[in-house]
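Following the hints, complete the assembly by docking chain B onto the known chain A.
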Amino acid sequence: MSTLGFPLFPEQASTMAPRVDQLYYFLFGVSVFFATLILILIVTFAVKYRRRSDDERPRPISGNLGLEILWTLVPLSLTLVMFVWGARLYFITFYPPSDALEINVVAKQWMWKAQHAEGRAEIDELHIPTGRPVKLIMTSQDVIHDFFVPAFRVKNDVLPGRYTTLWFEATKPGAYRLFCSQYCGTQHSGMIGYIIALEPAEFQAWLSGGATAVSMATAGENLFQKLGCVSCHAPNDTGRGPSLVGLLGKAVRLQSGASVIADEDYIRESILNPQAKIVAGYQPIMPTFKGLISEDGIMQIIAYLKSLKREEGAQVKK
Amino acid sequence: MNGPIEERRQHYLNVNYGLKSWLLTTDHKRIAWLYLIVVTFFFFVGGLFATLIRLELLTPQGDLVQAETYNKLFTMHGVTMIFFFLIPSIPAVLGNFLIPLMIGARDLAFPRLNLASWYIYILGGLFTLAAAAAGGVDTGWTFYTPYSSIYSNTHVALTVIGIFITGFSSILTGLNFIVTIHTMRAPGMTWFRLPLFVWAHYATSIIFILGTPVIAITLALVALERLFGLGIFNPELGGDPLLFQHLFWFYSHPAVYIMILPGMGVISELITCFSRKRVFGYDFIAFSSLAMFVSGQSVYASMIFSLLSMLVAIPSAIKVFNWTATLYKGSISFDAPMLYALGFIGLFTIGGLTGLFLATLGVDVHVHDTYFVIAHFHYIMVGSAVMAYLGGIHFWWPKMTGRKYPEPLARLAAVIIFLGFNLTFFPQFVLGYLGMPRRYHVYPPEFQVLNVMSTAGASILALGYVLPLAYLIWSLRYGAVAGMNAWKARGLEWQTPSPPPTDNFDVTPVVLQEAYAYDVDEPEVIYASEKAAHV
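So the protein lines, in turn, are chains A and B.
Going by my numbering, the first sequence opens with residue 601, and the numbers climb by one from there.
Going by my numbering, the second sequence opens with residue 491, and the numbers climb by one from there.
Some hints here could point you the wrong way.
[Claimed, not checked] Simulated pairs of lysine to aspartate or glutamate, DMTMM-like, Cα-Cα distance not exceeding 20 Å:
1. K877(A) to E558(B)
2. K894(B) to D654(A)
3. K819(B) to D654(A)
4. K819(B) to E668(A)
5. K708(A) to E558(B)
6. K772(A) to E799(A)
7. K890(A) to E726(B)
8. K735(A) to D699(A)
9. K819(B) to E656(A)
10. K708(A) to E726(B)
11. K978(B) to D654(A)
12. K978(B) to E656(A)
Honestly, the hints are just simulated from the structure, not real lab data.
The shape of chain A in the complex, shown without the other chains:
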């Protein structure tokens, strides 16, 4: 990669990487231009106007309005270009494509745990297919962590108490370093791993390999039974709690009169802190499940609820 004995640029292994690098080259070019300009001016002036005799009294120049306007407007317009270009890239990284493959990630001091919808779980490794957008739904069990893959040019904080997302599309197979980039305690620098990008067919083979795993939705359904959720949340709105069929992504009207979208964060909050948002027409009788269910378990229940949505759609077709 380089004759210097060390690389100067990280590998480009995602659709985002060349886009970020392009902007980086632009910023680099602007920086080199201005740094060189200042250097040349200083050296030239320093040599040309060096003091030759102690009696020199140079004529004062108090300023030049034209120059001041020039060197205000030129940097201003350049920074606005940078701002707009950077903001457009940021929008792309912020909103995952809707057809992305969803994978759940739980961070804790000091490891990365991931579980695929089909059930296969892994630690400090994440297998993904190339050529397909992958969306990570992440949360932390303790402090703030940060999921960082330099070869993909993406990172995002992983927070306790809420979900954050990160998406990327790997362009070539390989193993790419995964770092925790938000300081998280003693073994922070040990919270590393690899993203292993596989050709789609190999990825499918990998998914079905390993120990016979239960899919996340099935694991979630088991939890739903075991924790007794089903006794109130009956599928046909006959229970003491609202039905959860087809809930995800829909708007829910609350007792307060407000309306919220039932996303992953809403489900998570309703399990751990049920009194926070009461659905209109229901009593605040649900107990908290804090301490009874792990972050992984909540993600499985969410996966189960998402699968209910699909089944309902199928039923309507019949």
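This is chain B only, laid out in the frame that chain A set:
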């Protein structure tokens, strides 16, 4: 001027002797020395931590110190350097010494408050040193919750209480400067005749007063949360860990200007003196100082934050261009302070331009929390602020002590520091873009070559910092007698003997022109004694 008479003249250093005369002084010049001694102590303590960090990073394995120790080292390095060296350095030492001299006042507006500020600073420093001695703190100088509030079992509370206390010292110093600049200017010293050094300190003082309470409260909340389990930042109790970051950066973003603005003030004085030119675009530099603190009050929403960070770049660019233009058709000499000033412009340019990478959202996603950030803020805070501080110390050393420092050695040190600095921190830009995260005790082997370069640079830099310490102390006793105006500068502080008398001026000066009248031969054209002005 012959020796014996010079010896007999009474000035602020020989007016009385003994420890008590120093510890109970209300003379702003002596208080500046008290600060200088303590600030220097903290600089070398912080430097010692940095040395250990760089030695550990010589190899990819964690072989010199344990992970826990390493985390404490970078935390204590950040805390001492930022809160106990960089923030007080230029304002409390040079600002304290020079502001009354530059505006023709006998002292600051509240001399006893000034001494109290120093004691408050010492008290805060003792708390933080006690925390270090008791086993240290490992949260990083940013104290992010919930790690700092719940998970860390090191001396977080003691450390943040130390910083909380020290904050009051900054607030009181800022207050003192503002009142002094408003009320104690000599006759004829109008606002637009103020040296740019004074303008810079005026802007800094406003940030001291507006910004410091926010971080003090934020850190106090961390301490309360640890001691009493308040739950403000604890998601388990319905708190929000991100709230800390919003509050913290509300202060710490402007705080960067606390650290760099006074340095910019110093540079404006140095560039003009050593090129014997009125500063190019005085009003643009003055107003860009104020513009920086306004745009520093940022909201953390990514877009606004990005845009504001971009806009901060404009006043910085204006200053760099104006300093460069000041050299044009000047009469430039290359004494040590000027070498520091020219070095400052170069390093500040790189630091400022790389700041744009961090302000640009799409690229920031990649370089955030990597060594790119480390390199960037060291270019600003060490490359620029410390260069300005050292340049200022050298420039005003003859005024403060009445002695000259050895010029050839000083030039050598300035060059060593410039080269050592770049070798230390430039490779870190590359490391950051490659993806090396900050605060890593152990790192992948592919990053080693660049880390070895950085450590090599740091050892050169260390030599560069020890040199001035040695020869400046030497010069106190053996340096040549400096005389009133060692650099033929035009500022008011150079129109009184060195070292100045306790009351600064024997007669109240009347200011007839601004401090950059380098085209006139006689200082009397710029300043007159009160009597002369009335004639």
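Item to check | K978(B) paired with D654(A) [C-alpha distance capped at 20 Å] | outcome: Roughly 10 Å separates the two Cα atoms, so the pair holds.
Next on the checklist: Given the hinted pair K877(A) and E558(B), is their Cα-Cα distance within 20 Å?
Outcome noted: The given pair, whose Cα atoms are some 42 Å apart, is violated under the 20 Å limit.
Item to check | Pair hint outcome, K819(B) versus D654(A) [Cα-Cα no greater than 20 Å] | outcome: holds, 15 Å
Checklist entry - Within 20 Å, alpha carbon to alpha carbon, are K819(B) and E668(A)? => result holds, 18 Å
Item to check | 20 Å limit on alpha-carbon distance, applied to hinted pair K978(B) and E656(A) | outcome: holds, 12 Å
Checklist entry - CA of K890(A) to CA of E726(B), is that 20 Å or under? => result Since the Cα atoms of K890(A) and E726(B) sit roughly 9 Å apart, the hinted pair holds (cutoff 20 Å).
Checklist entry - Taken at face value, is the distance from the CA of E656(A) to the CA of K819(B) at most 20 Å? => result With a Cα-Cα distance of about 11 Å, the restraint between K819(B) and E656(A) holds, given a limit of 20 Å.
Checklist entry - Are K708(A) and E558(B) close enough, with their CA atoms no more than 20 Å apart? => result holds, 18 Å
Checklist entry - Can the restraint linking K894(B) and D654(A) be considered satisfied, given a maximum Cα separation of 20 Å? => result It holds: about 19 Å lies between the C-alpha atoms, which stays within 20 Å.
Next on the checklist: Holds or violated: K772(A) and E799(A), Cα atoms, limit 20 Å.
Outcome noted: holds, 8 Å
Checklist entry - When you check the alpha-carbon spacing of K735(A) and D699(A), does it fall within 20 Å? => result Since the Cα atoms of K735(A) and D699(A) sit roughly 9 Å apart, the hinted pair holds (cutoff 20 Å).
Checklist entry - Between K708(A) and E726(B), does the CA-CA distance stay at or below 20 Å? => result With Cα atoms ~15 Å apart, K708(A) and E726(B) stay inside 20 Å; holds.
The structure fails hint 1 only (numbered hints given earlier).
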